[in-house]
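Number of protein chains: 2
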Amino acid sequence: MELNKDLKILIVGLGLLGGSYAKALTSAGYTVNAITRRESTVNYALEHKMIARGTTEIDKDLISGSDIIVFSLYPHVFTDWIKNYGNIIKPGTLVTDVTGVKGCVVREIQDMLPDGVEFIAAHPMAGRESSGIEYSDDRIFKGANYIVVPTEKNTPRGVEICRALGETLGFSDISVLSPEKHDEMIAFLSQLTHCIAVSLMCACDAPDLERYTGDSFRDLTRIANINDEMWSELFLLNRQALLKEMDSYRECFDKLYTGIKNGDREAIRSMMRLSSERRRKFDKKKVTEK
Amino acid sequence: MELNKDLKILIVGLGLLGGSYAKALTSAGYTVNAITRRESTVNYALEHKMIARGTTEIDKDLISGSDIIVFSLYPHVFTDWIKNYGNIIKPGTLVTDVTGVKGCVVREIQDMLPDGVEFIAAHPMAGRESSGIEYSDDRIFKGANYIVVPTEKNTPRGVEICRALGETLGFSDISVLSPEKHDEMIAFLSQLTHCIAVSLMCACDAPDLERYTGDSFRDLTRIANINDEMWSELFLLNRQALLKEMDSYRECFDKLYTGIKNGDREAIRSMMRLSSERRRKFDKKKVTEK
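Residue numbers (my numbering), protein chains in the order written: chain A, 1 to 290; chain B, 1001 to 1290.
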């Protein structure tokens, strides 16, 4: 199987990401079908020509007639789904996902799937503060990163197809990480940032703050408007890695605190110089991508 | 004196903010002159028609011939300037500034100025990660906040003119705070956010992070590329207020840490709900302003 336009792609879960996948893949010329929880979501997707067919049922023909299935569900909903209906998926199908943690999910899913069904995990590093199909937008993939997360059970062909899917979706940089490396990385880059934004927003309740703020606070707390159901699950599924990153961040924060308390200007400035130097790498990237 | 186009405005210090003020005020039809440190900056400003006249000298005629003088300098450079040359400013002149801390600056400046010269402090809540006149851009004021910071020595007329200046510059929301309230607010909204971004950037040196990141990390660390000379001075000038805000933020961060460590999902979710609710206020604002 190569990635070609005769393939039938099934998306399970038409939320913000599932919906954005549907838009991108339909635009690219693929036949995209969907299974999702709510009838209203199916109707929305059909009306907006995001999918060819959609249903809220476990439609065996739709499932077994798919070449690629993308799961865009909360982690525990995903594993439950595979537990209950994974046996319907026909051998030769490639299964992938968008789940934000991998270590505790990937091997479990691989073990539950029938022989001949390959599950290759992926993490699209794109999203929005708002959830739901009505916020879906395939432009969020432009300039964004996509991580393919194979295990020892995956085939080079599976990795290649997953990578090609990332390219088709419009991602700018596609890389490959093991589940463990992925979870470490995500603990730092994504989960810790959400912890920081939530903590900062909880830390002050002075009135009218929004009248005095500059963009730095706005940008830093954008993600403090957070889907608490999903993110609390992701935090707890990656608890050890996240606590480790929280510890090392707090160590730096405390070091800066001590520098300020002691009036040690050189200690403060040397941290600022290090942070500036490191941050510039992220800028360059962004400019190149635009 | 009302704010009218016959007024001569002098800007001392043509950096990012001083340059952006010059652009905005020249566009609005005022005669804008400037004193700045480097000859090359004067030339840049003249070539780009940002100012009518400019010099690197302490030009007594230029200073005493100005109706409004805006100081856009580092705090200690500002106080040194007033100490050395404040006596040149003629009575009737309104002096204002853009300094990021107020408590330790405003009253000192007011005490040093000659009788009849009113200093009314202001803080434009706009900026960029890059410094220097070549990054100046008066569009940074659109949608941004401007804070007028009077003391008991200021007149209602001084406050009104300063407010009108903020409107002319293009700010969307103009408010008035005492120096002490301003410094508390800024400790939380601006200085603490910079401490967080710097600490986060210092916390991890894994290679190729930029290949795996999403926008949340990019947005949160935008300000980690920081002018260490200026910000270390601002931090230390507002040390007590900043340490207090750092303490209360760390308390929230630790609470979240404990929730994650104990697997207490409800504790995590209730913080996330609070942060989401509070953050939405900032969104609405932004939307209205655009």
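I should point out that these hints are in silico values taken from the structure, not numbers from a laboratory. None of these values were measured; they are calculated from a predicted model. Treat the hints with care, as some may be off.
[Stated by the list, open to error] With a straight-line Cα cutoff of 35 Å, these simulated DSBU-like cross-link-like pairs (lysine-lysine) come out:
1) A:Lys-261 x B:Lys-1181
2) A:Lys-281 x B:Lys-1049
3) B:Lys-1142 x A:Lys-281
4) B:Lys-1060 x B:Lys-1049
5) B:Lys-1255 x A:Lys-261
6) B:Lys-1060 x A:Lys-142
7) A:Lys-153 x A:Lys-244
8) A:Lys-255 x B:Lys-1153
9) B:Lys-1281 x A:Lys-261
10) B:Lys-1281 x A:Lys-255
11) B:Lys-1281 x A:Lys-244
12) A:Lys-181 x B:Lys-1255
13) B:Lys-1261 x A:Lys-281
14) B:Lys-1181 x A:Lys-49
15) A:Lys-181 x B:Lys-1261
16) B:Lys-1049 x A:Lys-261
17) B:Lys-1281 x A:Lys-281
18) A:Lys-244 x B:Lys-1142
19) A:Lys-153 x B:Lys-1049
20) B:Lys-1060 x A:Lys-255
21) B:Lys-1142 x A:Lys-142
22) A:Lys-255 x B:Lys-1255
So, going through the hints one by one against the coordinates:
| no. | hint | verdict |
| --- | --- | --- |
| 1 | A:Lys-261 x B:Lys-1181 | holds, 21 Å |
| 2 | A:Lys-281 x B:Lys-1049 | holds, 34 Å |
| 3 | B:Lys-1142 x A:Lys-281 | holds, 28 Å |
| 4 | B:Lys-1060 x B:Lys-1049 | holds, 23 Å |
| 5 | B:Lys-1255 x A:Lys-261 | holds, 23 Å |
| 6 | B:Lys-1060 x A:Lys-142 | violated, 55 Å |
| 7 | A:Lys-153 x A:Lys-244 | holds, 28 Å |
| 8 | A:Lys-255 x B:Lys-1153 | violated, 40 Å |
| 9 | B:Lys-1281 x A:Lys-261 | holds, 33 Å |
| 10 | B:Lys-1281 x A:Lys-255 | holds, 32 Å |
| 11 | B:Lys-1281 x A:Lys-244 | holds, 32 Å |
| 12 | A:Lys-181 x B:Lys-1255 | holds, 27 Å |
| 13 | B:Lys-1261 x A:Lys-281 | holds, 32 Å |
| 14 | B:Lys-1181 x A:Lys-49 | violated, 53 Å |
| 15 | A:Lys-181 x B:Lys-1261 | holds, 21 Å |
| 16 | B:Lys-1049 x A:Lys-261 | violated, 45 Å |
| 17 | B:Lys-1281 x A:Lys-281 | holds, 32 Å |
| 18 | A:Lys-244 x B:Lys-1142 | violated, 41 Å |
| 19 | A:Lys-153 x B:Lys-1049 | violated, 65 Å |
| 20 | B:Lys-1060 x A:Lys-255 | violated, 46 Å |
| 21 | B:Lys-1142 x A:Lys-142 | holds, 27 Å |
| 22 | A:Lys-255 x B:Lys-1255 | holds, 20 Å |
When each numbered hint is compared with the structure, violations occur for hints 6, 8, 14, 16, 18, 19 and 20.
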